[in-house]
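Undergrad: Go ahead and model the full structure; you've got the sequences and the hints to work with.
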Amino acid sequence: MVRVILRRLIQLAVTLIVLMTLVFFWLRSLPGGPVDALLGERATPQTRELLTRALGYDQPIWVQYGRFLENVVTGNFGNSIRTGEPVMDVISRSFPATIELALAAIIIAVGLGIPLGYLAARHRGRVLDNATIIVTLIGISIPIFFLGYLLKDWLTQSVHLFPPSGRISTGLGNTDVTGFFVLDGLLTRELDASADALWHLVLPAFTLATIPLAIIIRITRASVLDVLDEDYIRTADAKGLRGPTIRRRHVLRNALLPVVTTIGLQTGALLAGAVLTEKVYNWGGLGTLITDSIGGSRDYPVLQALILLAAVVFIVVNLLVDLSYAIIDPRVRVK
Amino acid sequence: MRASGMPATRRRAVIAAGVVAALAIGAAGCAESDRDSGGGDKAASGGTFIFAGAGDPKNFDPIFNDDGESFRPIRQMYDTLITHKPGTAELEGGLAESWTNDPTGKVWTFKLRQGVKFHDGTALDAAAVCANFDRWYTMKGEAAQSQMIYYTDIFGGFAGSPDALYDNCKAQDASTAVVTMKKYKGAFPGAFTLTAFSIASPAAMKQYNADTVTQNGDSFSYSAFANEHPTGTGAFTYGGWNKATGEITLNKNPDYWGDKAKVDKTIIKIIKDENTRKQELRAGTVQAIDFPAPADRKALADEGYQVLDRPAFNILYLGINQKNPKLKDLRVRQAIAYALNRAQLVQTKGPGGSAVADEFLPSTVSGYAPDVQKYEYNVDKAKQLLADAGATGLTLNFYYPTEVSRPYMPNPQEIFTVLANDLQAAGIKVNGVPRPWNGGFKDDVQQFGKQDLHILGWTGDYNDPGNFVGTFFGRSKVEFGDESMTEMFTAIGKADATVDQAAKKSAFEQVNRDLAAKWLPAVPIWHAPPAIVTTKGVEGLVPSPLTAEEFNTVSLTK
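Protein sequences appear in the order of chains G and V.
If you count by the working numbering, then the first sequence holds residues 205 to 539, one letter each, in order.
If you count by the working numbering, then the second sequence holds residues 3 to 560, one letter each, in order.
The set of hints was computed from the structure by calculation and includes no laboratory data.
Predicted model, so just to flag it, every value in this text is computed and none were measured.
Mixed in with the good hints there might be a few duds.
[What the hints assert, rightly or not] Here are the simulated BS3-like pairs of lysine-lysine, each with C-alpha atoms no more than 30 angstroms apart in a straight line: (1) V:Lys245 with G:Lys483; (2) G:Lys483 with V:Lys351; (3) V:Lys325 with V:Lys385; (4) V:Lys431 with V:Lys328; (5) G:Lys483 with V:Lys267; (6) V:Lys538 with G:Lys483; (7) V:Lys538 with V:Lys300; (8) V:Lys87 with V:Lys113; (9) V:Lys538 with V:Lys351; (10) V:Lys185 with V:Lys113; (11) V:Lys325 with V:Lys431; (12) V:Lys507 with V:Lys496; (13) V:Lys452 with V:Lys383; (14) G:Lys483 with V:Lys300; (15) V:Lys383 with V:Lys351.
TA: Now the structure itself:
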């Protein structure tokens with residue numbers, strides 16, 4: 205186990221170094237740049253020159269790269285070009301927003317997906333099963349962007365059931381402790397803030413959850429069907445074990461393995477989906493930050509750090525998934 | 003294990019749940035609520051005005067900013083020496099009750115309003131005003147200087163630079179500040195109204211190290227003054243910027259020298275997506291939004307929202323690059339002008355309140371000539387002129403920006419399509435070249451001059467013809483490839499340098515006549531004012547042509 209983790213950590217380091225270099229050169233090969241983005245229409249050539257020099261973009265690219273590496277190694281990701289704040293501050297402010305959203309989406313996807321998939325498998329070939337197949341197919345194929353706008357239009361414009369955007373009502377004056385607004389409300393006993401944040405969370409979380417939810421339902425269903433056909437289930441049945449015991453200890457546990465893999469793989473999709481969901485709901489997390497940093501301002505320092513962060517999250521989640529195999533499946537542990 | 007009567011897995015779950023609960027309860031004891039205990043703000047008389055802005059401000063030190071989203075909050079917290087009559091571009095006293103200019107045009111004397119106090123309680127007097135002027139002029143470091151975009155543009159440079167315009171500022175007495183320039187510049191007095199030149203509290207700037215712009219890697223960070231303690235004289239004081247929720251809070255300044263704010267608090271809520279701004283307005287969660295999509299305007303008005311059009315103060319033009327020898331011929335440029343059906347473009351694609359432009363400045367600006375040559379839509383005439391010039395079968399590269407929306411150009415792609423079709427109809431082949439705004443367009447057009455035609459525009463900063471015509475055509479620019487149009491540069495330079503205001507006005511009128519008839523370096527397309535939309539309960543919001551709305555006049559009924 206320790207060796208597995210060690211090897212993964214080394215892989216992580218190598219991946220990050222390669223990625224960092226690619227990102228550095230890739231960003232700088234894009235046309236336009238922060239100088240143009242910062243200066244707008246009013247800059248005189250003088251100002252342009254001054255800023256280029258001040259930002260160090262007049263130096264050869266290798267010098268810039270060296271300075272960048274030096275900074276990264278010392279843990280200094282620089283400041284946002286746009287706002288002048290340290291990149292780490294910008295990211296740590298947006299991070300909780302995205303995690304809150306992604307967690308809610310995972311809870312919905314797993315919490316609904318596994319039971320529904322299981323039920324569909326138990327009712328194989330009947331109405332519930334067929335309906336599930338059709339609905340999940342729609343769920344997988346509907347673009348997040350479209351669904352987001354659709355839900356928003358129905359539930360916030362035609363009927364004022366949910367707020368159209370943001371994480372909390374404007375002017376509520378909630379106290380920010382961890383950046384997780386639902387949690388903060390509980391911690392500070394501002395329960396109305398918690399409720400308000402949850403209420404804001406519903407639509408974005410559902411929008412983001414649709415694709416993973418549909419996939420988890422289908423995988424669970426297929427996997428449960430496979431297991432139900434296994435000899436050991438018949439054996440368990442034959443030796444007189446009670447139904448609930450068979451289902452919990454033998455069916456679900458064995459069927460969960462592919463489902464857990466899927467959840468891990470979906471984390472990447474979840475990050476990508478968060479960019480779109482956050483755009484639709486003005487969520488203000490990492491997704492919003494990525495779009496802002498590329499589109500308008502070419503905020504190199506923020507982008508570099510964000511891409512590295514995404515890679516780390518992705519690799520760590522996959523590591524966790526591998527480790528969870530060991531918990532669910534004793535055979536892996538033995539190997 | 004079994005003896006406990008509980009399966010191992012379940013027991014683990016119970017323990018885990020217990021730990022989580024214990025943690026939550028424990029933590030609840032440690033976190034303090036920051037809320038005011040004095041009841042909710044909802045009960046208070048003035049209420050909270052929530053305005054949806056379209057982007058993040060950079061910081062709140064006026065001199066380091068140059069964009070509208072930063073200026074929106076800055077304007078509420080600071081004042082300038084000279085300002086505009088609400089809803090117009092006419093000058094009126096701000097912090098200065100009155101101002102005079104000596105016959106050389108170099109010395110400006112400001113009579114300051116008495117009894118005005120900064121938010122930190124210090125007095126606004128002549129010494130404070132001079133401290134601001136001196137601060138700008140003596141700003142140290144490339145990092146800081148490179149962020150003073152308006153200052154560099156208007157004042158030419160900093161201490162030690164031969165181009166610097168500023169000489170000195172003297173406090174004649176407590177309420178008289180005398181600013182002396184090295185030479186006359188036509189931009190004044192209009193340029194004194196620029197939000198970037200707002201007067202800030204010298205004491206606060208000193209206390210919070212306003213001039214410290216430090217560099218970290220390839221970026222800058224600003225001072226505590228710019229980020230946490232902006233201190234001006236404005237109708238609102240700074241109440242914080244919650245970046246996690248995108249809310250900038252501005253509190254009523256009870257000691258404001260002018261009309262005190264009617265609301266207790268203004269919140270600027272940053273919503274970058276135009277569609278989302280509209281939806282928040284409909285959901286009633288914000289009371290006013292900026293920059294609605296032109297297409298939504300009518301629907302919102304029909305639903306009972308107030309659509310407030312700003313008087314036009316911008317211009318969209320079709321630039322013509324004379325690096326192409328064919329385009330050096332005035333007849334070809336005139337043919338292009340005749341080929342465009344601008345009236346129809348305004349009707350089909352223009353934001354509400356937009357109008358065909360015959361000149362490169364709005365009619366409210368001094369120097370606008372009522373009698374310039376007009377190019378009414380006339381395809382036959384266009385074809386004839388092309389034939390006369392021997393330019394039939396002309397093919398032109400038409401650059402237009404993508405991934406951008408500007409107040410004067412909400413929909414570049416659509417504008418391009420309409421203009422290109424008009425040109426094709428007159429027999430000019432158009433090769434459309436779309437380039438991302440900050441990903442090639444500005445470089446290709448303004449630095450390399452790769453285009454034959456392009457669309458671009460401008461929103462005016464202050465009421466002066468030089469700010470429009472001079473910006474575009476006052477000097478040689480690759481944008482128009484017109485190095486040889488020295489006659490035009492000289493004429494504009496002369497007009498700009500005329501001290502006598504009446505003579506200056508007529509000089510610029512002549513410039514505008516010549517621009518239309520003789521030089522035609524570009525074709526003016528339209529003036530397209532961006533609107534503000536508010537709910538019915540919002541009263542007293544006066545749309546400004548310079549997008550310089552002040553929220554102290556806003557009140558909420560309902």
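Undergrad: Evaluate each hint against the coordinates.
TA: Hint check:
The straight-line distance between the Cα atoms of Lys245 (chain V) and Lys483 (chain G) is roughly 16 angstroms, inside the 30 angstroms bound, and the hint therefore holds. A threshold of 30 angstroms between alpha carbons decides the hint, and for Lys483 (chain G) with Lys351 (chain V) the separation of about 26 angstroms falls inside it, so the pair holds. Distance hint between Lys325 (chain V) and Lys385 (chain V) is fulfilled; the C-alpha atoms sit about 22 angstroms from each other, no more than 30 angstroms. As the CA atoms of Lys431 (chain V) and Lys328 (chain V) are separated by approximately 13 angstroms, the hinted pair is consistent with the 30 angstroms bound.
For the given pair, Lys483 (chain G) sits about 28 angstroms from Lys267 (chain V) by alpha-carbon distance, which is consistent with the 30 angstroms threshold. For the hint linking Lys538 (chain V) to Lys483 (chain G), the alpha-carbon distance of about 28 angstroms falls within 30 angstroms, and the restraint holds. Taking the CA atoms of Lys538 (chain V) and Lys300 (chain V), the gap is about 15 angstroms. The hint holds against a cut of 30 angstroms. Note on Lys87 (chain V) and Lys113 (chain V): the hinted pairing holds, with a Cα-Cα distance of about 18 angstroms set against a maximum of 30 angstroms.
Of the supplied pair hints, the one linking Lys538 (chain V) and Lys351 (chain V) holds, its CA atoms being roughly 27 angstroms apart against a limit of 30 angstroms. Pair hint Lys185 (chain V) plus Lys113 (chain V) holds up; C-alpha atoms about 22 angstroms apart against a cutoff of 30 angstroms. About 18 angstroms separates the Cα atoms of Lys325 (chain V) and Lys431 (chain V), which keeps this hinted pair within 30 angstroms; it holds. Between Lys507 (chain V) and Lys496 (chain V), the direct Cα distance comes to roughly 12 angstroms. Compliance with the 30 angstroms bound is thereby established for this hinted pair.
Between Lys452 (chain V) and Lys383 (chain V), the direct Cα distance comes to roughly 28 angstroms. Compliance with the 30 angstroms bound is thereby established for this hinted pair. For the suggested pair Lys483 (chain G) and Lys300 (chain V), the alpha carbons sit about 25 angstroms apart, so the restraint of at most 30 angstroms is met. A C-alpha spacing of about 25 angstroms is found between Lys383 (chain V) and Lys351 (chain V), which places the hinted pair at or below 30 angstroms, so the restraint holds.
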